[in-house]
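K.L.:
We have chain V already, so just place chains R, G and X on it with the hints.
Protein chains: 4
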Amino acid sequence: MLKTGLLGAGRIAGVHATAISANPDSELAAISDYFPENAKKLAAQYGTRARTTEEILADRSIDAVLIATSTDTHCELIEAAIAAGKAVLCEKPVDLSLDRARECQRRVKETGKPVMIGFNRRFDPNFSKFKQSLDAGEIGKPELLSITSFDPAPPPIEYVKVSGGLFRDMMIHDFDMANFVMGEVPIAVTAVGSSIVDPEIGSLGDVDTAAVSLTYQDGRIAVIKNSRRAVYGYDQRVELLGSEGLLQAHNMLENTVVKSTAQGVTGAKPTYFFLERYMPAYAAEWNAFVDAVKTGNEVPVSIEDGVAALAMAEAANLSAKTGKTVKLDEV
Amino acid sequence: MLKTGLLGAGRIAGVHATAISANPDSELAAISDYFPENAKKLAAQYGTRARTTEEILADRSIDAVLIATSTDTHCELIEAAIAAGKAVLCEKPVDLSLDRARECQRRVKETGKPVMIGFNRRFDPNFSKFKQSLDAGEIGKPELLSITSFDPAPPPIEYVKVSGGLFRDMMIHDFDMANFVMGEVPIAVTAVGSSIVDPEIGSLGDVDTAAVSLTYQDGRIAVIKNSRRAVYGYDQRVELLGSEGLLQAHNMLENTVVKSTAQGVTGAKPTYFFLERYMPAYAAEWNAFVDAVKTGNEVPVSIEDGVAALAMAEAANLSAKTGKTVKLDEV
Amino acid sequence: MLKTGLLGAGRIAGVHATAISANPDSELAAISDYFPENAKKLAAQYGTRARTTEEILADRSIDAVLIATSTDTHCELIEAAIAAGKAVLCEKPVDLSLDRARECQRRVKETGKPVMIGFNRRFDPNFSKFKQSLDAGEIGKPELLSITSFDPAPPPIEYVKVSGGLFRDMMIHDFDMANFVMGEVPIAVTAVGSSIVDPEIGSLGDVDTAAVSLTYQDGRIAVIKNSRRAVYGYDQRVELLGSEGLLQAHNMLENTVVKSTAQGVTGAKPTYFFLERYMPAYAAEWNAFVDAVKTGNEVPVSIEDGVAALAMAEAANLSAKTGKTVKLDEV
Amino acid sequence: MLKTGLLGAGRIAGVHATAISANPDSELAAISDYFPENAKKLAAQYGTRARTTEEILADRSIDAVLIATSTDTHCELIEAAIAAGKAVLCEKPVDLSLDRARECQRRVKETGKPVMIGFNRRFDPNFSKFKQSLDAGEIGKPELLSITSFDPAPPPIEYVKVSGGLFRDMMIHDFDMANFVMGEVPIAVTAVGSSIVDPEIGSLGDVDTAAVSLTYQDGRIAVIKNSRRAVYGYDQRVELLGSEGLLQAHNMLENTVVKSTAQGVTGAKPTYFFLERYMPAYAAEWNAFVDAVKTGNEVPVSIEDGVAALAMAEAANLSAKTGKTVKLDEV
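Residue numbers (this note's numbering), protein chains in the order written: chain V, 1 to 331; chain R, 1 to 331; chain G, 1 to 331; chain X, 1 to 331.
Keep in mind that the hints are not guaranteed to be accurate.
No copy labels: a pair is met if it fits in one copy or bridges any two.
Stated by the list, open to error - Here are the simulated lysine to any residue pairs, SDA-like style, with alpha carbons at most 20 Å apart:
#, residue 1, residue 2
1, LYS129, GLY264
2, LYS294, SER70
3, LYS324, GLY85
4, LYS324, ILE12
5, LYS324, GLN217
6, LYS324, GLY219
7, LYS321, ILE187
8, LYS113, SER61
9, LYS131, GLU254
10, LYS3, ALA283
11, LYS321, GLY219
Since the hints were made in silico from the structure, they are not lab data.
So here's chain V without its partners, still in its complex pose:
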């Protein structure tokens, strides 16, 4: 039984609390938050205790922590947790600073404790099946990957200000998806971006619409498209052209009802946003973490993966600004 402390009590922490409770091999032992009231509320809901982060880290009976706090605290908490001998599952990104993230990565490596980064999409049943088909050789050798990732609506402008920008905050998921599918990191990143959805985002120096090309050692290419606004819902599609076929993971739809009238044939929209779409992925992610810790196997998404995605975001930022392809070993 993996006794787990949940650090953070915000919206995504609630999703993790459900997953931790549902897994028969883990137990939600305590919850902390910057605002103790939030921790209390969530703890009551899940029949557990609200404690401080310090208490949780100091409690030797707690085996693992799930870090779901604000990004700027991730590295510090990872380091404190592994120092306290805990296994760690930390929400993405590792940090907004690549240097800081690399420093954290070094420390993780030193301790050898299991630290997993929460790239939940790898655990979505559709993308899992996609990867299985690819690995089984069903479309031959991969050649050209395409990731479409649109949010239903831009976040509040206050969030945009502290987000680290579209490449680090939003496309980082897609960088990791590319790494997951392609099985390695690219050698170069070429990015274009603009602020066309909301000029206020542009006035902060950020973009809301972007296209990035990744190139790989052997000539493979990946294209990622992001937009902060798709009014029809969360658009999350991946497709890969291989030497023997094309593999696509389409959107999940709200329902299967289709209406045909004189105006056309109308079906349901994609599921609205990440909570609707990725709820099963969050559960599967937690289960994979528990399994890894239990068996002593490597966690399926390492801090190296987290740092790699962040480096790609950094390269994309640089490329979008300079109009030049940026090699990944330059950042």
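P.N.:
Relative to the frame of chain V, chains R, G and X by itself:
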């Protein structure tokens, strides 16, 4: 908090146990089964007590029972439960005998206790959405309904023997779906059936493949197709032609991955069987029951609905045997 | 070069004129019509001559006639044409009277001349592919066939009066489709029908909405659904459950454009009506006729096929009126 | 009646011959080819005369020429044809040299004769409908365009050698599609490409897989993906994210048959290649040309459009080589 006793500890009882536990307004207070060991096992899994049915019915602190026992005990348990003052959710069918079911219906009417019959499909999110669209007038006046309902594989022959036959055991769900969609019972039933999937089913006097037409007072028509075997999975589709359009509820698929190769374009199969497809429907069904009991509103699927579907099955049996249309008021 | 006379110059004759002209092995030698002006107009359009039917039949240089006149003239013209030594392709139905059609069938048999009936749907590329897959054993042994066939709008009431009724005029295509797919005629027909689209159709003793079940010697079942009105377009679908899978032929759509907005995901409607949907089928039908005549092979749709479909329509009429299953050998 | 000379008698010329013959307002008056035998053969098939190009241009009764010769002759023939007073429809590309194409464009402008470039895809019914929906404001303001364009198999290596490379030979269609959809040319082109399908293509200095981003004055972005090989057929999709929705034009499929078995649900592949997919587009293209010449309206695809697409190809070549974004006014 609706304290609930679960009568029966088989496979479907497990599904209900999950739903009862998950609803914040209900509590799984006890489980009984013909085989006490089964009740103990399930009770342990859900952190509750195994008791006898008699104890459960006698316990005044228990507000409701969910009857998930074998069909031949349904009427007796409904009657005992309402006599003990409990609200009841009973799995379909009410009984295999129409007379017995009608007798039970009379008793339920006398006590006025809430008794709901478990036609879970009404609560499937897709069929719910379908009904909402229809009721909102999106395809005008309904004219021609079509229900496709195929199981992935025939049940064991031992089950077939005691099932009451395809019309009472399997198509009864579709009769209720027709009543749900059309908002009334038909006036006549015309059925053809044959044993083509498995001759052993035929040797028992039962059919494994059938087509039934229902006709309504105002000329509307419904067609139901059943097969005991669709090797690609559970095929559960409903479509309705109306004066202003067509409404379809398609199958749920196992995933959204599509592979295009020189051999064609291949996607996932429908979800395998009722547990995969209707898990959310069982939860929504329970929630609707709890809401009705809590608010004092009528239960959304009454024992009248259960009897009506059974009468249609009876009429279908008669029609298939005689080669004549059978009026519903003849059975 | 098959020199062909086209009897009839109405709308469908124009479709045939195009097919005759486009086939490099046939030549549109003359056109006749009850209204000579219509023949002249069509002849001018296709660069051929308007003549009388008598002249065409008497002209020994003409090898074949395509009969696209009104139904009541079909048998007479078939008989005159084979007496004149011509090969014949005649539009469906053979006649509205089953007796008259059978008389014609006998005469055709006596002369041994090739007479093909215009069940164009057999030549639709989608249904052809469907049949090929079935014949290749891709879904195992057929068990349960379902044909959906809805017109976009009811015909003018004047047409309904002389049409012979829905079963003989409209569903006859679907009876032939069932025979085509199943490879034999059924043993019994069970029909229900009503007038719900347009009460005026009902006041003529006809139906506009119907469901028919066909049963076969070995237990197979087919279901046909017809409606005179589907406001979203011509709905022409066939699906067949077999022991190893399901085969479906879906509708052709007007285009492949899909629009996703906050209101849903909307695609194109089915192609509007038979001219849009079956234009390639008419050409393929003609080509098959020319091939058969050229090679001396049997025509792919015989007058027996035409009579069989008519007998099924007769049985359906009787069944709908009596509420009883009608054996095909009773009509 | 537009009397038309067809210059070239290769495969695509055959397609054009059909379109010219089918249009009631145009007449295929003569055909020429570098190999006179080819011209004779095609002329015989369409019931017209084989002549030399010089004779065709000198014949004052000929109103228009359709240039379907090898690319290196396009400019010369355009210039000769307009000098001879003919209207011109010329296959893409205008030339492989941007300078030469611009010179030709200048001459066309001087004479003011109608010269249309054969970007046939603009006339595909699906892309036409796509554009209509966009222009009708159905998805609001366009923001992010994505064009997927894969050939089923690489061309012979001998063709690759003289093709001008993927950007000028293949992606030029997609550059024009972007201009068609976006309604203006981009300001900058960013390209990555590699030779991963066939190393021999790479050894010629060409690429077989490429991704290009286009950026527009107002911040809009377009992404084009090309591959020389998609084993499942010709993959031709366009999608556009707008402020109020997403518009997609999907592939045409070979048929509508879908098979569900224990192995999955399999449908037809996309139509095989451009002849299958774009046959209706070639006809519509010719009809649009005839209409423009007849009415004196501007041709719907001008030589400016042809030069613009070529300039984008040039920029893409430069960008792929240098790893830098290339402004369109730099080429």
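K.L.:
For a quick check of understanding: which of the numbered hints are violated here, in increasing order?
P.N.:
Those not satisfied are hints 2, 3 and 4.
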